[in-house]
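Here the protein sequences line up with chains B and R, keeping their order.
Under this note's numbering, the first residue of the first sequence is numbered 1064, with each subsequent residue one higher.
Under this note's numbering, the first residue of the second sequence is numbered 8, with each subsequent residue one higher.
Check before you lean on any hint, since a few could be wrong.
As the list claims (entries may be wrong) - FRET-style restraints, in silico, Cβ to Cβ: (1) B:M1209 <-> R:L128: 51 to 59 angstroms; (2) R:R25 <-> B:L1224: 46 to 54 angstroms; (3) R:R26 <-> B:E1275: 26 to 34 angstroms.
Unchecked claim - Covered by chain R, according to a simulated footprint, are these stretches of chain B (three or more residues, beta-carbon under 8 angstroms): (4) 1240-1252; (5) 1335-1344.
Derived from the structure by calculation, the hints contain no laboratory data.
Remember, predicted model here, so these are calculated numbers, not experimental data.
A virtual CB, placed ideally from N, CA and C, is assigned to each residue, including glycine.
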Amino acid sequence: MTSPHPFASIFGILIVVLSLAALLIWVERRLLALWQDRYGPNRVGPFGLLQVVADMIKIFTKEDWIPPFANKVVFVIAPAIIMVTVLLSFAVLPIAPGIIVADLNVALLFFLGMSSLGVYSIVLAGWSSGNKYSLLGGLRAAAQMMSYEVFMGMSLMGVVLLAGSFNLTTIVEAQKNLWFVVPQFLGFVLFLIAGVAEARRLPFDLPEAEAELVAGFHSEYSGMKFGMFFVGEYLGVILISSMITVLFLGGWKGPWLPPIAWFLIKMFAFVCFFILLRAALPRLRFDQLMSLGWKVMFPLALANLVATGAIVTAFR
Amino acid sequence: MLSVIRTIWSVFLHTFHRRVTIQYPKQKAYLAPRTRGRIILSRDPDGGERCVACHLCAIACPVDCISLQATEDENERRYPEFFRINFSRCIFCGYCEDACPTYAIQLTPDFEMSEYNRQNLVYEKEDLLIDGPGKYPGYNYWRVSGVRIGGKDKGEAENEAPPVDLHRLTP
Chain B
1064 MTSPHPFASI FGILIVVLSL AALLIWVERR LLALWQDRYG PNRVGPFGLL QVVADMIKIF
1124 TKEDWIPPFA NKVVFVIAPA IIMVTVLLSF AVLPIAPGII VADLNVALLF FLGMSSLGVY
1184 SIVLAGWSSG NKYSLLGGLR AAAQMMSYEV FMGMSLMGVV LLAGSFNLTT IVEAQKNLWF
1244 VVPQFLGFVL FLIAGVAEAR RLPFDLPEAE AELVAGFHSE YSGMKFGMFF VGEYLGVILI
1304 SSMITVLFLG GWKGPWLPPI AWFLIKMFAF VCFFILLRAA LPRLRFDQLM SLGWKVMFPL
1364 ALANLVATGA IVTAFR
Chain R
8 MLSVIRTIWS VFLHTFHRRV TIQYPKQKAY LAPRTRGRII LSRDPDGGER CVACHLCAIA
68 CPVDCISLQA TEDENERRYP EFFRINFSRC IFCGYCEDAC PTYAIQLTPD FEMSEYNRQN
128 LVYEKEDLLI DGPGKYPGYN YWRVSGVRIG GKDKGEAENE APPVDLHRLT P
């Protein structure tokens, strides 16, 4: 089952999502500045909006350098992987009725699979750079993936149980009367935390960790290859925010405003929350992240799944 | 866990705080009256150059940004033939002003002296000299010092006693 206008949807979503990701550079800098009592970029264009354009021109005119000690093929492919996997995840995302590229029956599994594949980008980038800091970043990405991926999937199973489907459109329709954030509050919190780790944002930006690892996995990257990691990170933020919206906040559902507006409002609120987290919280050590993931989050997700399953079975 | 939420909340409250940035070109920060900025050479109330080219400023300068050469005019008054300050080196410490025995070199509160060309930051004497006496309006070095110059012999300066005649024996 696909959308009525597949090409319009594909290009529309591509253009909107990519320009949103570029715009997020500006949004993040302005919001961080707001929460640090500064102004941020406000010189280029109205409110500094054209800062994005200036950044793009700068990053496109940088030297595209491949270090001689790097594994060239993998080094070049790695930044593409993160873009491809994140953009493919957007294909199954129901933004509004009819605005979806592929309405898969296993959309949720597809999303989880793609997000797991995205980690390869980081690990391969870290490994192929031939640099100890990059390698440490890649190692941390792998360790981080081990710790959050499991409870991320687990936390979503409660939603699947309640909706009775892996199809995201069906999940949104199932929230007609009550958003899943209410019956699945624990799952919501767990997915939010896992999502921050998935998007490799502070306080879980261990692979990057500019304070200790130079720039982590992308230390050796420059020019648009670095830009692709950057855009990939923002795309990840948008994707996770959209997923939270779809899975827990009723997607496009809402009174008065058109569906797409509701979707964008909810998504943007979570994007802002991601940036607020970055402004507020320090980075965890990776053993702390692993013990948090395995000793706290995983049992909670499991308990949530069992309890939801029991309740759903009891009231069926 | 609670502390994490409290941190997030207190950072969020900064949305409503006043921003501390001063938007510089439009908004100016308060400058103390004695801010040390661009260096000038002042003149005495009669319009003559105060600088006597004693080199003390150049010696006091920790970054060696002052260079000058002394010469004398027809009245045997010392003055700098050239006086050059390299503002790309200057650290605005004010030691030159402290060292100056004639109040000639002074620091002003002006600090906006950016240039696209580094060479333009080397100021010559014409760029440094101002028309007025700067911070010390009434002071004229040649009028109060005991140095003999053309038109003023020893003992003729303000508040100066006539010189002792060494050949007389009376106390």
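Do the hints match the structure? See the list:
1. B:M1209 and R:L128 have their C-beta atoms about 57 angstroms apart, which keeps the hinted 51 to 59 angstroms range intact.
2. For the hinted restraint 46 to 54 angstroms between R:R25 and B:L1224, the CB-CB distance of approximately 49 angstroms keeps it satisfied.
3. For R:R26 and B:E1275, the hinted distance range of 26 to 34 angstroms is satisfied, since their beta carbons lie about 30 angstroms from each other.
4. Under a criterion of three residues with beta carbons nearer than 8 angstroms to beta carbons of chain R, the stated coverage of the region 1240-1252 of chain B fails, only 0 such residues being counted.
5. Here the region 1335-1344 of chain B counts 5 residues with a CB under 8 angstroms from a CB of chain R, which clears the bar of 3, and the coverage holds.
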